[in-house]
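Visitor: Chains as they are written, first to last, in the working numbering: chain R, 1 to 274; chain H, 1 to 268.
Warning: the hint list may mix true and false statements.
[To be verified] Straight-line distance between alpha carbons at most 27 Å, and here's what the computed DSS-like set of lysine-lysine pairs gives: (1) H/K253 with H/K196; (2) R/K68 with H/K253; (3) R/K151 with H/K262; (4) R/K138 with H/K175; (5) R/K151 with H/K253; (6) H/K175 with H/K262; (7) R/K151 with H/K119; (8) H/K172 with R/K68; (9) R/K203 with H/K196.
Simulated from the structure, these hints should not be mistaken for laboratory data.
It should be emphasised that the depicted structure is a prediction, and the values quoted were computed from it without experimental measurement.
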Amino acid sequence: MTTELNIAANARNASNADELLSFDRVSKVYPTNDGAVSALEDVNLAVHRQQFISIVGRSGCGKSTLLKLVAGLYPASAGTISIDGRVVTEPVENLGMVFQTPVLLAWRTVLSNIMLPVEIRRLPDRDSYLETARRLIKMVGLEGYENRFPKELSGGMQQRVSICRALICNPPLLLMDEPFGALDALTRDEMSLELLKLWSETKKTILFVTHSVEEAVLMSDRVIVMSPRPGRVSLDLPIELPRPRSNETRYVSTFTDYTHLLRERIYEGSSMTG
Amino acid sequence: MLKLLRCAGRRRSFEAGESPPSTIAPILASLIVIGAWELFARFGGLPSYLLPAPSAVIIEIVREKELLASHAWATLVESVLGLVTACVIGIGLAMIIVLFRSLGDAIYPLLVVSQVVPKVALAPLMIIYVGFGLQSKILMVFLLAFFPIVVNTIMGLRSISTDLLQLLETMKASKWQIMWQIRMPNAIPQMVEGTKIAVTLAVTGALVGEFASGNEGLGYLVLASSANLNTLLSFAAILILAVLGIVLFECVKIIGNIVTPKPLRSQS
């Protein structure tokens with residue numbers, strides 16, 4: 001009990017004005033029928049405000065678990081996570097979440113899907129949120145689609161709606177779990193650049209889980225490589241490519257150096273090097 | 001061979017709900033059956049009190065239209081009241097089962113067991129409990145109709161993705177908010193499907209109730225006229241019953257379409 005308290009106190013001490021999110025020796029163990037499975041082990045991480053952080057790694061390295069721990073959806077087995085100096089002990093309220101599928105409500109229009117968090121949380125001043133929603137819709141290029149239903153939109157457009165919904169309450173932190181994973185390659189490239197633009201305009205802190213090394217390097221300030229079973233941070237690589245970044249960034253020689261280095265680390269210890 | 005393949009392809013697209021079914025084939029098939037029946041009844045050598053011809057049945061319906069209408073009205077009222085009761089209680093029960101998991105786990109097996117009991121056998125008991133009147137028929141309709149509504153509604157209420165539930169958790173959504181704003185609208189199509197199954201059972205329920213007691217309704221009419229070897233009137237009543245069933249089914253379909261939000265309708 002005392003050690004737990006100490007850890008919590010340490011986490012609070014460690015957080016300074018510039019730090020939004022911190023992991024302090026976080027572990028997560030899942031009980032299964034074949035015994036306990038360790039999904040995350042001793043993860044230490046500090047994320048600064050307005051940083052764009054990507055997490056890459058092979059399947060089963062605990063990337064998604066990491067995001068769900070941040071959201072407070074599962075408790076950590078050991079260690080503490082704090083957002084803005086406050087230890088996460090229950091689902092975090094003002095947080096943007098985007099999943100691989102857009103999870104929109106089919107019977108609600110684009111605008112009312114985006115307004116869902118405002119309605120569920122019963123926030124006052126609905127009109128100002130409606131205004132925010134319209135501004136977000138404009139930002140992601142969905143003007144004129146406010147009253148359409150999700151099934152009338154393409155996959156990319158649906159995912160844009162779900163990003164707007166994540167941003168409606170102006171959360172400081174945006175958690176994205178392979179948001180472009182279900183899109184085709186061209187839409188995916190387009191969406192990455194759009195997200196970058198949105199990020200620079202809204203000044204959010206983004207934690208972005210992806211399978212694509214290129215996507216991670218193109219967008220991030222830092223790329224975290226995780227190794228599987230148990231999930232650990234195996235590399236924390238700052239990406240020092242100039243901003244604003246565009247498709248041209250992909251052809252810079254350092255871009256390839258970064259992707260090469262990351263791939264090497266991801267496949268380390270397996271036969272699939274390269 | 002090629003033709004056969006194309007045919008198979010077309011059937012698949014129909015199953016996916018893309019092209020509407022042809023109306024000519026079923027009409028033709030019905031006409032052939034009715035025609036064969038007419039010929040057999042007239043020239044088959046059977047006495048007409050055993051198998052009346054379709055044309056004779058139609059003439060009987062026109063002749064006895066007032067009698068049939070009053071009995072059909074009684075059956076209609078019983079079926080509709082029983083079905084509405086089944087919808088209200090069925091949907092309510094499904095909500096409780098989904099909202100309170102442990103209570104649901106306790107109730108659900110009982111529900112299944114209640115379906116294994118042949119409900120027709122309960123009809124005489126219903127009379128003891130609620131009397132000979134309308135209530136015993138409504139209760140019978142309810143007993144037959146509510147199960148498909150409960151099962152379908154539960155399925156609809158539960159078909160929410162984990163991602164969506166987690167998203168709602170980060171919005172601090174309450175159980176009741178999730179029920180009213182997410183689960184209920186999401187379940188409407190399944191509720192309608194359950195009610196479609198229930199409506200055909202509802203008419204059967206009303207008939208069973210009428211067989212057991214009372215002196216009105218098409219079920220009573222079938223029973224009474226058969227006892228007098230008035231097969232013509234029996235057939236007339238059965239035909240009206242079939243029409244009643246189809247009309248009720250179509251009504252449920254139309255109402256279902258109205259209450260289903262447009263984007264959730266299978267065919268827009």
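Visitor: Hint compliance check: list the failing hint numbers for this structure, sorted ascending.
Guide: Those not satisfied are hints 2, 4, 7, 9.
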